[in-house]
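With chain A's structure known, arrange chain B on it following the hints.
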Amino acid sequence: MSLAATGGGLPRVGRRGALVLLGGCLTGCLTGCIDTPLPPARLGINAWVGYDPLVLARDRRLFDGGVLQVVELATGAETQRHLRNNLLDAGALTFDEVLRMRDNGLDLRIVALLDTSRGGDVVMAAPRIRQLGDLLGQAIAVEDSSVGTLMLHRLLEAAGLAPGDVRQVNIEATLHLQALKAGQVAAAVSYQPLAGPMAAAGFRPVFDSRQIPGQVLDVLAVRHDVLQSRPAAVDAMLQAWQRGLALLMLDPAGAAESLSVGTDLSLAEYRTVMKGLQFFAPDESLAALSDPASPVLQGAREVGRLMTRLGMIRSEPDWTRMVDTGPARRVIAAGLR
Amino acid sequence: MSRRPSLVSLPGRWMAPLIMVLFAVLASGVNFLSQLRTLQADVVEQETRRLRERLSVEQSRLSFLSTLEDAQQVRRIIGGLGLYTGMQSAYLLAPDGRINASIIRADIGRGFDEVMAQMPAPARHPELFAADRMGIQVRLLEDRTTLVGVAPFAGDRRLVTLVDLTLPKARLRSTLVTEVVRESFLLMVLAALLALLMHRLWFTRASRLVRTLEQVGDGQLQARAALSGRDELASIGNEVDRMAQRLQAQQTELRYLGSLVARSPVVFVEWSPEADRAVRFVSASIEQWQHSPRDLVSRRLSFGDLVHPDDWLAVWSQSEHHRVHGPDEYRQEYRLRTGDGRWIWVEDRSAVDRDAEGRVIGITGILLDITVQKEAQLAQREQAEQLRLFYDLPFIGMAISSPESKRWLQVNDRLCDILGYPRDELLRMTWTEMTPSPDLQNNLALLQQMKDGLRDSYSMHKRFVRKDGQLVEAEIEVRAVRDAQGRLLRLLSTVQDVTERSRANEALRRQTQLLEQAEAIAGLGSWSFDPGRASRSGGPDSSTATSASTRPRARRATSRRTSPWCIRRMWRRWPLSCRPAASPARPTAWSSGATPTWGRSGGSASACARSPVPTAATGSRARCSTSPRCAWPRRPWSRPMPSWNSGSSSAPSSCWPPTANWRPSPTPSRTTSRRRCGASTATASCCRKTMPSGWTTPGAPIWSASAAAWPRWGCSSATCWPIRAWSADRWTSRPWSCCRWWSGCWTSTARTSNAWAPGSICRRCSP
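Sequence lines, in order, name chains A and B.
Quick note, the first sequence lines up with residues 1 to 337 if you use our numbering.
Quick note, the second sequence lines up with residues 1 to 767 if you use our numbering.
Any given hint might turn out to be false.
[To be verified] Here are the simulated distance ranges between beta carbons: (1) A:T36 with B:S9: 34 to 42 Å; (2) A:T36 with B:R49: 53 to 61 Å; (3) B:T166 with A:D225: 23 to 31 Å; (4) A:S229 with B:A41: 29 to 37 Å; (5) B:V30 with A:T36: 18 to 26 Å; (6) A:D225 with B:A27: 35 to 43 Å.
[Unchecked claim] Stretches of chain B that chain A covers, calculated by requiring three or more beta carbons in the stretch to come under 8 Å of a beta carbon on chain A: (7) 71 to 82; (8) 92 to 106; (9) 167 to 173.
Source of the hints: derived by calculation from the structure; they are not laboratory data.
Since we're looking at a predicted model, the values are computed, not measured.
All residues carry an ideal CB built from backbone N, CA and C; glycine is no exception.
For reference, chain A alone in the conformation it holds in the complex (with noise of 0.2 Å):
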């Protein structure tokens, strides 16, 4: 009688069985054992007030820390520069920010609409510029992003000047404030909450969002590998988003009593602010962004042109490589459920 007969091991099938048993456990616990702990996606965000929903949500602990993390940092170039610095994995950006990086040669994909400024961003001057004609020879603070220089734009073309009729300062928008009442500068290109101190510094607004509506278009851009490696994060962001922006929808008056702190606006300050800004709930951001002959597009594109003509980007943007709606789809899914 044979060996395999009598028992002396496992019959053949059983063997051949318990070898792939024995493989498909130690393949799965290598598999599991080989998951390594990823840190929390970060998002930077700078001080503009129409990204405060993702400051509610965090502050508020609306959202896993462990998976994402919102860093507000000073201001939007500084955000740009993380991103840049491969320290960020996505970012609240305005549009044209996230054309100029895209120019640049980083893979950025809008994900979603966060809001549209109809008068946060402002142009503040000096008391002595009584209308937009004194501008001419003067010198204007703006900070070195894309948003500031259309903003000068639009002011020129308001005021009927060239922009060799003025002089452009490159100053952060966090010491636009120093510079004027320097008089360094005649006014500066600035949004909220920065253009609140200045306002009660005595600086008064000359320009602002409202009066190219559509063009100020702030978005959040995800750094295209993350959006393939770490999708949950990226749903997490727009949950984030969503959390946050409900709860100020929903608590507009407890919301900005927390969010007005550190902003050096009051109260009231902040909620006229807030009044100022068009936000896009995720399923908003979807619509708008899946409809080519939405406003917010068809503005989105006029600032495309805008940048090209005036030669800030060397190309008009691909919309379709630029835009990826999947994460609100599925966030807005997930709310479904």
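Using the frame of chain A, we list chain B on its own:
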């Protein structure tokens, strides 16, 4: 009984790689645990250093901005600390403990104690957040997952940070696990490769070897492993092949032997050493006894039941004796019942098989049917017993002696009585040392002829010296026992004591002599007449009957009528053949000289003239006739012959041999006819006697006369007795010198010159 699991429960081709994998995993696990502890300490140290460096940078930057008292800018810088990996919280505390800036905007303006109360328990210790004027302090909380960094600023402000080490530790652990898993995977791959290599090089061949062994174990001895290589496995395979080859050869031989055994009358049996002697094995050859081996092995049939009940106890006792006390090999004979009910005798050569410790492990036996031999043996024993009884008959002495040493090898009681020796003493002696001369020389001569192959038997009359010194006369008959090559092995002898008979003969002779002397003195004659014999044989008719008187023609009818058969012959009337006066022991002290004395009463003068009797002065023919001074020497083979005596008292002393050295020679046989002759019994069957075996006389027996008793003394045994002649210094036997009735005369065929020439005399005596 359940088997306990062990390392050998699995085949080696599975066990070896499994052990290698287990060793790989174990080694990786130990390595993992060893490195994990070290790396966790490294993580704390590394993160501490990084935090200290970051705080140092931020301390410088914030110190510059705080002097400008740009709260907005400071808040943005503090908020930007969130980029630092693991930075949970960052608080810029005012001297009063209020939070000027924080990553969490909602915490701005709150008291740090309030915020600290919401922290995890290990962090709820104010002293952890106390600033040290000496510089940046980094502390590890008790949970070892959080670092607390405190950077002091001018104006008792301080920057407090909490860094979570969970992620760095997890990532480091993940890295370590990845490394360990990679190592384990690599080790397992190597183990698998090694296992595959071992499988190819070892286990495949081992499986082949196992299959070969299984086949060999199943009896397929032609199976061969034929493993190539020179390693240990190949060596084992070669040895297995050699073993199988040897076993195959042995199997062939065993089969051949088995066939031989099956065809042979031998039966092999193996019994258990237990009391029941159960049969473990029995060869198929037992079927010759109509028994089935299966019946015996399966105990349907007990071997003890086959043994004859009368033999079983002895068989069992002997077997037990050898089993307990040895020796281990023994032989038994007993009866065994066959399948058809017959009883056969078997010879059982058994052997007790023992192990190294001497314990009996079995008993084997070789059984052989010896019924024929046994019956022959029994018959032979019975015959031997009969022979022994016959041998021990008290009528005749019998002996077996060695032809070389002449020693008695076997004697019967009668011979012991004859010779007067006890058996034991007699068996230590030789017959030569109790045989006197010249009988000894005669006997040795006959023995030499027997050794030379000239004869197979002989008879003689001889004397033996008894233990008491007396001489005993005997007639012996000796026969040779030879082997297949004709070599003389034994001598079978019969010895008959004839002393009394000799004495009687002597007495009769003396009486006859006295009668003749009386007749001579008285001038009387006497004759006997046998008309039947005379007419039949053509001998002297009745009218010419012998007479002792000087008138030979005288007749005495009355005497003829009344005389018995054997009446002395009248020498004058009928010339007799010259007969040797010699006896087997020729007297040497005869007074008439060294040669036999011849004398006649009325015979030829030349015959007497030839007689070298010293008494020749008076020994002339006439003198012999008229004065028979020469006497016949005694004839030991016959009744006393008539003697020529001078009648004087001195005659015997001069012609008669001294009786001291005289002994009669043996007669050929004892016959009643002879006795009748001697007793003169009137019967026609006198001297009916056949030729004694060994006699070389050609032709028919010389005498077969029955009624014709002519010549009377010629019918006696002496007539045909081998005549012995004195040749040189010894007696020689003349087997052919037998008297025959030839041409109307008794004559002898002997032609011996140095003795006597009876032939011529006889012829001359013929009519």
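Do the hints match the structure? See the list:
1. A:T36 with B:S9: 34 to 42 Å: 40 Å, holds
2. A:T36 with B:R49: 53 to 61 Å: Violated, since A:T36 and B:R49 (Cβ atoms, about 23 Å apart) do not stay within the stated range.
3. B:T166 with A:D225: 23 to 31 Å: 25 Å, holds
4. A:S229 with B:A41: 29 to 37 Å: 31 Å, holds
5. B:V30 with A:T36: 18 to 26 Å: Holds - the Cβ-Cβ distance for B:V30 and A:T36, about 22 Å, lies within 18 to 26 Å.
6. A:D225 with B:A27: 35 to 43 Å: Between A:D225 and B:A27, where Cβ atoms are some 37 Å apart, the hint holds.
7. 71 to 82: holds (count 9)
8. 92 to 106: With 5 residues close enough to chain A, the hint holds.
9. 167 to 173: holds (count 3)
Hint 2 alone, counting from the list given before, is not met by this structure.
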